[in-house]
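These protein sequences, in sequence, are chains E and P.
Quick note: the first sequence uses this note's numbering, first residue 1, plus one each step.
Quick note: the second sequence uses this note's numbering, first residue 1, plus one each step.
No lab work stands behind these hints, which were simulated from the structure alone.
The beta carbon of each residue, even a glycine, is placed where N, CA and C say it ideally should be.
You may find that some hints are simply not true.
DEER-style ranges, computed between Cβ atoms [to be verified]:
no.	chain 1	residue 1	chain 2	residue 2	range
1	E	Ser64	P	Ala14	55 to 61 Å
2	P	Ala14	E	His188	57 to 63 Å
3	E	Thr230	P	Glu54	58 to 64 Å
4	E	Asp36	P	Pro91	33 to 39 Å
5	E	Gly228	P	Ala14	56 to 62 Å
6	P	Asp6	E	Leu216	57 to 63 Å
7	E	Asp236	P	Asp6	25 to 31 Å
8	E	Glu249	P	Asn36	20 to 26 Å
9	P	Pro135	E	Asp36	50 to 56 Å
10	P	Asp6	E	Thr230	40 to 46 Å
11	E	Gly232	P	Leu234	45 to 51 Å
12	P	Asp6	E	Glu205	20 to 26 Å
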Amino acid sequence: MSALAELPNRRVEAWKYSDLRAALSEETLVLREGRDIIERLAPGVQRMAIPAGESRLFVERMDSPYQDARSFEFTLAPRAQLTRVIVQDGTAFPLSMARVHVGECARFTQFVLAEGARLARFETHVDVEGEGAQVELNGVYLAGAGRHADLTSVITHKTAGGQTRQLNKGVARKGGRAVFQGKIVVEHGAQKTDARQYHHGLLLEDGAEIFAKPELMIHADDVQCAHGNTAGGLDDGALFYMRSRGVPETEARALLVEAFLVEAIPEGLPAELREELLARIQNWLRRCVA
Amino acid sequence: MFDVVDLHVAVNGAEIIKGLSLSVPAGEAHAIMGPNGSGKSTLAYALAGREGYEVTGGTAKLNGADILAIEPEERAARGLFLSFQYPVEIPGLPALTFLRAALNAQRKARGEAEIGSPDFLKLVRAKAAALRIEPEMLKRPLNVGFSGGEKKRFEALQMAVLEPRFAILDETDSGLDIDALRIVADNVNALRSPERGLLVITHYQRLLDYIKPDRVHVLAGGRIVASGGPELALELERDGYDKYLRAA
């Protein structure tokens, strides 16, 4: 119980929508020393450095049926490029923590496809540490009945001329719960930062839950920042348009949700990977919407 | 071909269509003209089966089969087509993907084999060429960034591919400049045939200069208050709807 007591519950602000203590109360826990709770649950921090000018693709599959805590630290040297894709369909406790350091003119792209689990959380902290660096941090959640998916991020612009594009989209069904917490910090010296953060959720039925907490903290005076956040249902007009052309309602709903979600898949992924992501979304829609 | 008898339609409990009867034989094009608020779009939506447009009385039959009791997608599979006044934009859904889903869903509903990708592309290219529509347009998301003219031309292309028996054109002229109007009208005329009926809903006579109707009906106060030949449209253009509004 002492280990459990150290876990965050909903009274801890950053975990208010994902009560890890309650979720893990039946699990056997070993907590390690460390800075962050997921890092302490993980077997160790995996470190990856991308040398100057090189590019890497890193695909993580979180498909374990057991507690699956992972912790990463990525360092991008000047002009390095890293594309990180997480595909999660494990059903227990996928917990992911990443700290990312982005150097001068480097580019970090991340996409999370989360099907949710008893409690799934993907936490990403990005420090933009070199001028002209670019960050694209996207995600799609598919929160079916009994699933919980939490996309949490903090992007801190510490240097000038950085760019952030963040687009998260997702759907929740009755009994499903999705969380988006996105904070963008623009520090005093990070002039000419251009940051945009969007989150759009679709509630497919009554009894679906989407919690969103977008935050912009801007301490520089010459920046462009925008954010937008919506949650709603499918557009009745679009649904009727498709049905009037002969597409049955269930198929029309699936096509509309797919069209809504695909916008969040970043451009430039290898074709095979993009196909896989699309196929996973389509399979989920076939199971859960059609 | 298309027979509506004593149709009553209510929206949010208020009766908008109050006993409308209409009969369009195969091969003919009929026009319904009426002022704003006369119930033109309500009629179109009710016939296509939109939720919220409650049919409270009357019948509508396509080739003898009642269409009011079946779902919108079933009406489409039976051959009913509604060209929208404002076609819906759907970001993320390529126009071609949508059209193929529609065609195959209709074929499936009719017990026909689905059409494969290569045959479908061949079909669409041929139909697009006949209507002089750039195939580039079809790669874009459905109606997103289409001009008013492009949206209406894509409606015409959908009609060409889906080959409905009866098409309702709801204010096809709205949002079109004079050149676009002529092009869209040419597209619609190319789709007229002895087996197909057309119902053209408009409040300007202008569209009917290009799509020549066999009959013109005046809709006012939820009923058809006058019917006549094409000359009726010219009279309306000259004298307005006043006398019909007073009568209604």
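Each hint, compared with the structure:
1. Ser64(E) <-> Ala14(P): 55 to 61 Å: holds, 58 Å
2. Ala14(P) <-> His188(E): 57 to 63 Å: 60 Å Cβ-Cβ, so the 57 to 63 Å window holds.
3. Thr230(E) <-> Glu54(P): 58 to 64 Å: violated, 30 Å
4. Asp36(E) <-> Pro91(P): 33 to 39 Å: For Asp36(E) and Pro91(P) the Cβ distance comes to about 37 Å; the hint holds.
5. Gly228(E) <-> Ala14(P): 56 to 62 Å: violated, 36 Å
6. Asp6(P) <-> Leu216(E): 57 to 63 Å: Holds: the Cβ-Cβ distance is about 60 Å, inside 57 to 63 Å.
7. Asp236(E) <-> Asp6(P): 25 to 31 Å: holds, 28 Å
8. Glu249(E) <-> Asn36(P): 20 to 26 Å: Violated: the Cβ-Cβ distance is about 31 Å, outside 20 to 26 Å.
9. Pro135(P) <-> Asp36(E): 50 to 56 Å: With Cβ atoms ~53 Å apart, the hint holds.
10. Asp6(P) <-> Thr230(E): 40 to 46 Å: Since the Cβ atoms of Asp6(P) and Thr230(E) sit about 44 Å apart, the hinted range of 40 to 46 Å holds.
11. Gly232(E) <-> Leu234(P): 45 to 51 Å: Between Gly232(E) and Leu234(P), where Cβ atoms are some 47 Å apart, the hint holds.
12. Asp6(P) <-> Glu205(E): 20 to 26 Å: violated, 38 Å
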